[in-house]
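Protein chains: 2
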Amino acid sequence: MLTSHKAPEYQKAGDITSPKGFAAAGLHAGLKYKRNDLGVIYSETPASSAAVYTLNHFQAAPLKVTKNSIEEEGKLQAIVVNSAFANACTGKQGDDDAFAMRKHMAQHLSIPEHYVAVASTGVIGEYLPLDKIKTGIDRLAPKPTLEAADDFNRAILTTDLIVKKTCWTMEIDQKEVTIAGAAKGSGMIHPNMATMLSFVTTDANISPQALHQALREVTDKTFNRITVDGETSTNDMVLVMANGHAENDELTQDHPEWETFVEGLRQTSEDLAKMIARDGEGATKLIEVQVDGAESEQEAGEVAKKIVGSDLVKTAVYGADANWGRIIQAIGHSNAKVDPDAVDIWIGPFQVLKESRPLPFSEEAATEYLKSEQVTIKVDLNVGHANAKAWGCDLTYDYIKINASYRT
Amino acid sequence: MLTSHKAPEYQKAGDITSPKGFAAAGLHAGLKYKRNDLGVIYSETPASSAAVYTLNHFQAAPLKVTKNSIEEEGKLQAIVVNSAFANACTGKQGDDDAFAMRKHMAQHLSIPEHYVAVASTGVIGEYLPLDKIKTGIDRLAPKPTLEAADDFNRAILTTDLIVKKTCWTMEIDQKEVTIAGAAKGSGMIHPNMATMLSFVTTDANISPQALHQALREVTDKTFNRITVDGETSTNDMVLVMANGHAENDELTQDHPEWETFVEGLRQTSEDLAKMIARDGEGATKLIEVQVDGAESEQEAGEVAKKIVGSDLVKTAVYGADANWGRIIQAIGHSNAKVDPDAVDIWIGPFQVLKESRPLPFSEEAATEYLKSEQVTIKVDLNVGHANAKAWGCDLTYDYIKINASYRT
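Same order as they appear, the protein sequences are chains A and B.
Counting from 10, one number per residue, gives the positions in the first sequence under the working numbering.
Counting from 10, one number per residue, gives the positions in the second sequence under the working numbering.
Treat the hints as calculated values from the structure; they're not laboratory data.
Please note: incorrect hints may appear among the correct ones.
Heads up, the list lumps identical chains together, so a pair's fine if it works in one copy or across two of them.
[As the list claims (entries may be wrong)] Under the rule of at most 30 Å between Cα atoms (straight-line distance), these lysine-lysine pairs were calculated in the DSSO-like manner:
(1) Lys-363 to Lys-184
(2) Lys-112 to Lys-84
(3) Lys-84 to Lys-184
(4) Lys-346 to Lys-230
(5) Lys-380 to Lys-410
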C-alpha cells in the first residue's frame, strides 16, 4: 500500500527530513548574490548509499569525489552541495578543491571523509571559492525539520523557478517506511543524467547493493525519460541514502515486499523527474508522452523521447497547435520498429490519427486542451505490446531569453 | 581547375538552367495564396539520374514515385515539384495522386512516365488539390533561361526567406562541364535528409551508377552535415540529373578527372547545404563547426553535429555569448572518443580552451566576433587525425514565433 504525502503543488507535507534519522541545512555562503547556495543532508547513522552519474565525457570533480566515497564501503552520512559553481573543467585544482570540500565537511561533522558525498551545480570552468565554502560549511547545523529541508532545497537551485520535492510512505514488514526526494534541474535536462541533482532519503533498511539495483531500474524509467533541450551536463547525479531507521527486515530482491519499495522509489523519482521537466527553462507546460504498442520497452521509450524532445512538437504545444504532422515526423525519425500505415495518435482526449491517416477533430477543442498546464500525447505504434512514458516541456520565447544571456 | 560562377549573394550568375540542355519553369497554380507553387526542371534528352531520400519511416508518396521512375533505367528527363502540400500521410490516395501527377507531366511533355520524378513539400496529411496541379502542369513551358530558373526556384519555397542556388564549372577532357543546384529548406533540417529538396543539374557525361556513387559520397559530407532543429521530414530528397551535353568521356571512378567532378558536386552541395542552414527558420547566423583531431571522420562529423545542433550553443551564438561551457557539454554528450583533458576550442580567432582548461580571452572582442553573420567554432579533440565540418544556425525568438503558429 502506497500513500502519497505529496500536496497538489508538491510544496507541502513531506520532505527529505521526513524519513527517520535525517536532518538538513542550507544557507547563503556568498557564492550567489543573495540566495542560499550551500546545503547539507545528514543521516544520524551511516546509510546505505547508491548513485548514478552523468554519461557526459566531462564528468566534473565532485562526481569523482562522490564515487570515491561510495566505493569505500557503500555508505554515506552526509551530502554537501553548493550551487553557483559547477567545479567542472577545472583540472587538477578542481579535483583538489572537491576533496578539500569533502574533508572540511567531514571534520565539521566529525565523521570519516568517505562518509561524505559532494555535489556542485552552476557555471563551468571557474574555480570554487573554497574559502567561502569552508566558512559556510562551518555554519551548517543540520536539523530534522521541514524548515531545514526547505533551506537545503533552496540552496541547490540555479535557474530553477520552484523547489522540487516529494515524499511517499509505505508499509514494509508492518513498519512505516518513508522515501523522500529533493531535486534541482532546469535547462540541459535529457536522458542519461543531464543537469540535474536529485537526492533521495529513506529510512528503509536495505543493503547498498540492493539499493543500487533498485536505483538503476527506477532511473531508466524516470530520470532518463525526461528532456528539456537535449543537452547533458557534466555534473549531474542521483544519490540515494537509506539509513535503516524504519527497522524493516533488510530489503533484497527476495524480500516479499521488494516491489513495494521499488515502486515507492519509482514514484518518488517520477515525481521529481516530472517537476524537473515542468520547470525546464522558460517552460509553461509539462508534456507527457505515452507510447503503446511498441516492440520493446526500450523502443517505446526511444519514440516517446523523440516526440517530447522535438523542437517542433515543443513549439507546437507552446502555440497550442494540434499539429500531429510534427509528431509523425518525430516518430519517423526514431530507430524503433514502425509500421508507416499503422500509427494511432491522440492529443489529450482527441484521436487525431488512425492507421497513419488523419481523423476529423475539432481544432478549437484541441487548441483549448493544449492550453492546459499539462498536455498528454498518446501514440499507439500497433506493432507490439510494450509501452513507456517520457516527459518534457514546451519551447518558448523565454527559453531563448534565458539562454541567450545566461552569463550576463 | 574549379571556377565558381557564384556571386557573393548566391543570387546571380549561374542557375539550374546553366548546364547545357536544361530548361525550367515555375508558376502559381493556386496551391499557395499568391506565390509560385509549381515548377519543373527539364532536360532536352534523358539524363543519368540519382537520388538520396529521407530516412524518416514515413516516406511521402512522391518519393515512392521518384524511386519507381529512377529504378526503371536510371534516367530522368523531368522533375515536377509542388510546394504547399507535402502529400505525406495521405495513404493510398496520396500514392495515386503522386502517380497521376507524374502521368500528367509526362503526357504534357510527351515523354515516358518513368522519365518523370515527383517532389512535394508543405503541409502533411492533406490531399493534393490534383485538379489545380493538372491545370498548372498544362501551363508549364520550360525555357533554358535564368528567368525561368528563377521562376522554378521560387516555386519550391515554403517558409524559406531566400532562393538557394549555386553554379560551378570545371574542365574535364578539355570540355567545360557545369554543375548547378537549387534547393529549399528551412525548419526541420537535420542529417539524413530532413525537410529539404535539392535539385542538381549537370551536363557531365556520367553513368547512373557512377553518379549515384558520387552523390552518396558527397551527401555524407554536405547535406547530412547540416541541422536546423534536429528534425527530419517525410519528403526530402536530393536529386541529380546529368545529361552528358558537355561531351566529356563518360565519367567513372577510373577516369583521370573523376575527383574533379566529385569535388565540383561536393562544392555545389556544400553551397546549397550552407544556404539551407543559414536560412533555418528564424536564423540570423550561419554557424560552421570544424572538428579536428578525431579518431575517424565519422566521429569528427558526429561531434561537429552535436555542437551545431545544441540548443544551448545555438542560443549562446544568438546572444553573442562566448560560452565555451556549452560547447564542452555538447562534445561530452557525443559517442566519439574524447580525452576529457585534451580538448582545444576556438570561437572564431579566439582560443578559449586549451587542454580542456579555460584560457583568458577578451570577452568583448569575442562578443563582437559573435555578432557576425557567420560564426566559426573550431574544436581539436587531440585524439586522432580525422576532421569534419557541420553547419547550422542560431536559435532565436523568431524560430519560436514561426513554429508556434505554423498552420494559423
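Going down the list of hints, with the structure as the test:
| no. | hint | result |
| --- | --- | --- |
| 1 | Lys-363 to Lys-184 | neither (49 Å within a copy, 56 Å between copies) |
| 2 | Lys-112 to Lys-84 | within (16 Å within a copy, 74 Å between copies) |
| 3 | Lys-84 to Lys-184 | within (23 Å within a copy, 77 Å between copies) |
| 4 | Lys-346 to Lys-230 | both (20 Å within a copy, 27 Å between copies) |
| 5 | Lys-380 to Lys-410 | both (22 Å within a copy, 16 Å between copies) |
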